[in-house]
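Hints given; two lone chains; assemble the complex.
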Amino acid sequence: MILLKLTVENFRQFRGKQEIQFLAPSQDDANVTVVFGENGRGKTGLFRAIVFCLFGERRLSQDGDVPYDELQLVNVSALEANPDTPVKTVVELEFSHRGSHYRLRRAILGMQDEGRIIEEEDEIRLFVTPSSGNIQQIPTIEINEVIDSILDRRVKDYFLFDGEKIERLTRASIEQRREISAGIRNLLNVDALETAIKAVGRVTRGLEKELSGASHEELSRLLKRLGDNEEEQARARKRLDELADEIRLARQEIDKTDKELDKFNEIRHLLERRKSLEQELGELEQQATEALSEMKNIVCKASALIVAPTVINVYEHIDHQKQKGEIPSEIRRDLIEKILEEKLCICGSSVCEGSDAYTHIIEWLKRTSDVSTQDAALNLWRYLSEVRNHFSDDADLVEKKLQQYGNIRSAIANINRSLENVSNQIGTSERHDATKLDDHRKKLQDNIISLEANARVTQSQLEQLQQENDRLRALLKEEKLKVGRNDELSRRSILARDAQDALNDIYSQFTREIKDMISESATLLFRELLDHEGRENLKTIIVNEDYSLQVLDRYKKPFLANISAGQRQIMSISFIAALARIAAKGSKIEIPLFMDTPFGRLSYEHRQNLINQVPTFASQWILLATDTEFRRQEAQLLKNSGKWGKFFMLRSTQDGNTEIVEQDISSALAILRDEEAYQ
Amino acid sequence: MTSEKSLLPDVNTLIEDKLAGYPENVRELALKAIQLAESQQSEAAIADQLQTVIRRLAKPSEGDTL
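Chains as they are written, first to last, in our numbering: chain E, 1 to 679; chain Z, 1001 to 1066.
Don't take each hint at face value.
What the hints assert, rightly or not - In silico BS3-like cross-links for lysine-lysine, where the CA-CA straight-line distance does not exceed 30 Å: (1) E:K198 / Z:K1032; (2) E:K322 / E:K296; (3) E:K198 / Z:K1018; (4) Z:K1059 / E:K224; (5) E:K515 / Z:K1032; (6) E:K482 / Z:K1018; (7) E:K366 / Z:K1032; (8) E:K400 / E:K238; (9) E:K209 / Z:K1059; (10) E:K482 / Z:K1032; (11) E:K238 / E:K515; (12) Z:K1032 / E:K209; (13) E:K238 / E:K296; (14) Z:K1059 / Z:K1018; (15) Z:K1032 / E:K238; (16) E:K515 / Z:K1018.
Stated by the list, open to error - Here are some chain E residues pointing at chain Z (derived, C-beta under 10 Å): (17) D191; (18) K198; (19) E316; (20) I318; (21) H320; (22) K322.
To be clear, the hints were calculated from the coordinates, so they are not data collected in a lab. Even glycine gets a Cβ: it sits at the ideal position worked out from N, Cα and C.
Same shape as in the complex, but just chain Z (with noise of 0.2 Å):
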């Protein structure tokens, strides 16, 4: 049985208020990975789809001169 735990939908706007003073990138993996942690996956699960998400937000974008 799923537990019905979650974190609480202003628990949630409380972080992305927080987050919100980050770059996008880092925003954009920290709530995939809690949204990712919120799923009940075990932890290497959540750690391996995050290798993905972060290969995809490290590519420089076009006129990046990073």
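Same shape as in the complex, but just chain E (with noise of 0.2 Å):
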């Protein structure tokens, strides 16, 4: 997808109607586009206006808690001008596909209405122009499927973005990483393999449970418990997308009974502090299951600490034997017990019973034990002597690790208490009202945490299924060639079997590698965009099994939580372009990648990295800048990249509207200001 022209049309705050042609990618290799505008003057608005026209949305992930209502997309003055008509805003994106032009066309009726301004949907239409020529108008129901077969909208936050905002891509909730999960997949077209799979499997399915009626005790015992096995993990896969889908239904109940309760303003802040407490403590859950599931790997070494003190004493009574020279003894017990058999001694002399040597003897033999004895306690010192010197790493670890979890947990429990007190004074507002309402809120809130609780303990049993699975199988495949080479039937469910074997270790290896694939090259642009301090300490980009990132520092550490926004804005920048490199197999994804803002977090060494790095991963830059961040510096390092093509301004004017205005780069670099200017 190359974006080529958006037209507006009364919306927000571009009145009449405007346009821009985006710079599509060319042999002189330019691909940036900037639109710069001070705060206010409508570049948010153009990114609405393109999820808007792409996706429907009216809601982008940076309006918050914003009310669906106060998201009006028609231009107020144009209203304000015409009280009696109805205006018409028009949003249109033209673009270029694998080889084909669309041009995508959705407008509204703005209409007022005893001071209430209302918005009704209008029209949608697109037509595509295939290279051939014969332009096609797409029926209605069919342009949702369209756009989403050329950018995901589960996706879509990966490309068309708010540079302040995008690195909240590094904390998304467990529902958000299953649904950019599945994007994921769709994007990198691996979704046929999955269905095949599921054919596979079914037909795989139907040959067995003909087949366990035949009668192969064995096997028919071995296929009903893989089938009972199966039949279990399809309803802990179930259960997970229906305590996705609760979790979804209850954050948007949750949001709806925000802007009810936004209504009363005097207790406003106290909504939004609580908004901001629940994230912090969502971020901290995550945190301490994390911190469990690593404890769980160290628990057998936490019960050795246990008898610790036990293993110590027996090392220092074995070794106080050993100083002494009792372990080993000087002499052979075995030898003694021969001289006092024999009443000889080695020298020749006889030893009589009641003689001064004889009692001598007999004070040896009391202080030795015999040579198994002696050896197993010498292993044993030796054993011990190993063992101890863990104790301390071990215990160390565990120590760390048991503070880290009461570190959080003590974090959480602060958390609730201020939450406690948010809600007390939301509830003693005097508001009966915002009461209720916050009363209904709070018992939301405490299913959205008990379900993402179950959520976690259902995963956790999935994995266990899985492992069985895969031992149910091995033995299921012994025990086939056992029973029926020369069946028929056994033959049809063999291959089978196989062939779904074959496709799901492929998927596995497939999906694996294509995590690997991610992370080793987001790594390499990670490094590539950090400033020096960053890439000292920041050494790599691990994708998790649900595409969620971490980061490991250079003691190979998990770092995430330590590192600053600005970092994580860069890291998730890192992963959108190892992501759309893997999706074109190595060459320009034809994705562009839309930013707005996005150097504000940043340092001057990550944007002139930036500035330097992106246009040669993506097709088309389309940057939307404001004034104190793109600043004459800047440019010139983007003009100096040589990827610089197009400049649009956003100029107020008089009615307080917006224009837009294309100036050529040259007016661009004596228009924008120098660092000075905002010191």
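Next comes the structure, spelled out in structure tokens:
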């Protein structure tokens, strides 16, 4: 997908019809369009126009708690100029994709009703012109499907994003990660492989059902266990989907309740505070789960520490005996017993019972133990001397983990206290309606916490079932070979199961390889984009099973919780670029990177790196920038890269609207201010 | 309208390479399943067509001592 032209008409700040022709990648290699405007001039309006046109969505992730009915798209001054006439608001986007030209048009009608602005959907049209040249109008019902096949809405935030919020990708919740994972699989085109696995699985189950009716007892038993296991797995997966849906619905209900609560202006600041505390709580709960999971892995070490004092006592006791020369004894016990039995010393003199020599030898006998006991004691001494050296490392590790977990729990307790305090303040605001709504909201929030815990348990059960499934499959394969190579039904069943296993193996290898490739590619770019200090400390980006991200520091320890918002932003951009590279199989992917104010949180070195790198990996970069982040220094850097081809300025008009003015690059450099101007 | 999405050529090559280590009949069945999945048919329709392929591939060939 390459964006060609955006036309807006009476949309937000843009009165009348205005357009931007983006720079499409060309032979001279330039691929960057900059749209420059001060705050409030409509940069995010243009971003909103594209998201609205493509997906029909009015709300952007950065809108947060803004009530839905406050998100008006119609240009208010056009409406006020003609109060009795509906105003048509239109966004039209032209783009190319795989050789075809697309023109997507979405319109709404805005009107006033007793001072309120009402907006109604008016039309949506999509025209496609393939390279053959015949224009085709896509039926309305199919438009979303077509757009999703070009840019899946679940991953749109990866390519069309608000620069300052992009770092949120590294904090996605469980259900967001599931959505993102589905979107990425779609983007990477592995969904056909998934369908093939399901279809072969269906055939396999049918054949195995037939086979279990045959007279092979062990085979029937294994097939039944495998069938039960797969049913349980399907139930667990379904439950996870249901839980994700329930969580999503509860969140929507909370948003709705918040909109109602927002009407109570006097408690608005408390509501905002609560929302931010809840977000923090969610992140801490996630960290607590991760810490608990790490602790599970060191439980065996912790149990060894319980017996550490006893182990050390035993070691010291044997060591003491060893130092005294009792272990090993100077004279072997079997030799002393032989002397006493034969009453003859090794020197040849006789040893009579009752003599001094006899009494002396008896004393020796008492101080010695038999050879096997001595050997065992020595082996134990050697083993314990090794084991006790590890106790202190293990104890440090266990203590560190417990402390970490304790700190997280204590932070959770603090946040819960603050939450209770804020909720009490909301409750005592003498607004009966607000209190009632707030109680409803609290129940919803409690429900979300319980649903999320449930989802984590179900996920862990699913992993155990998968392990059991692997074991049963191996047993089944052996059993099938034993019982029925000459039987037609068995041959078909074995073949279907083998094909299913082959596809599953390929699928897991394939996705693992893709994740490794994304990790590797993201890490390379991350390190190029980071400043010197960041490069010293942050070494590797890891893509987890569910496509969530982690970063390892120079000691190969997880470090995500400690990196800055700017570094998170750089990390997310690196991940997006890697994803784009993999999806495009090494060449440039035909998806634009549309960034709204991406430099705000970045240091100059980070900005410099981004300006040099992004145009090389993105096929098209559309940069919406404000005056404090896109100064003459940044513009000069971009110009020097040879990638910058178009510049649009959003200028305020006398009636408070915005006009889009195209200017050449040299004029842009003259308009933009130096860093000193902001000091 | 049929979606233009399909397993891209090099992804197919990658899959074919990985299937090379499997017996001929397993490879043929797996590739047929992917090919049918790409044609956007339902899972049940694909499974029906695979039954026929399995019957053919599971027949013992001459000299096969299985």
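Under the criterion that the straight-line Cα-Cα distance not exceed 30 Å, is the pair K366 of chain E, K1032 of chain Z satisfied? violated, 82 Å
For the pair we were handed, K238 of chain E and K515 of chain E, check the Cα-Cα distance against 30 Å. holds, 25 Å
Would the hint on K322 of chain E stand, with a C-beta cut-off of 10 Å toward chain Z? Violated, because the Cβ-Cβ distance from K322 of chain E to chain Z comes to roughly 57 Å (cut-off 10 Å).
Hey, K198 of chain E versus K1018 of chain Z, does the alpha-carbon distance stay inside 30 Å? Measuring from Cα to Cα gives roughly 19 Å; hence the hint holds.
Pair hint K515 of chain E and K1018 of chain Z, alpha-carbon separation not exceeding 30 Å: holds, 17 Å
For the pair supplied as a hint, K1059 of chain Z and K224 of chain E, is the alpha-carbon distance within the 30 Å limit? holds, 26 Å
So if I understand the rule, the pair passes when the alpha-carbon distance is 30 Å or less; does K1032 of chain Z with K238 of chain E pass? holds, 28 Å
Hint status (Cβ of H320 of chain E to nearest Cβ of chain Z, threshold 10 Å): violated, 61 Å
Status of the I318 of chain E interface restraint (C-beta, 10 Å, chain Z): violated, 55 Å
Holds or violated: K400 of chain E and K238 of chain E, Cα atoms, limit 30 Å. Violated - the C-alpha atoms of K238 of chain E and K400 of chain E are around 38 Å apart, more than 30 Å.
Taking the closest Cβ pair, is D191 of chain E under 10 Å from chain Z? Hint on D191 of chain E: holds, closest Cβ of chain Z at ~8 Å, below 10 Å.
At a threshold of 10 Å, is the proposed contact between E316 of chain E and chain Z supported by beta-carbon distances? violated, 57 Å
In the structure shown, a violation is registered for the earlier hints numbered 2, 7, 8, 19, 20, 21 and 22, in ascending order.
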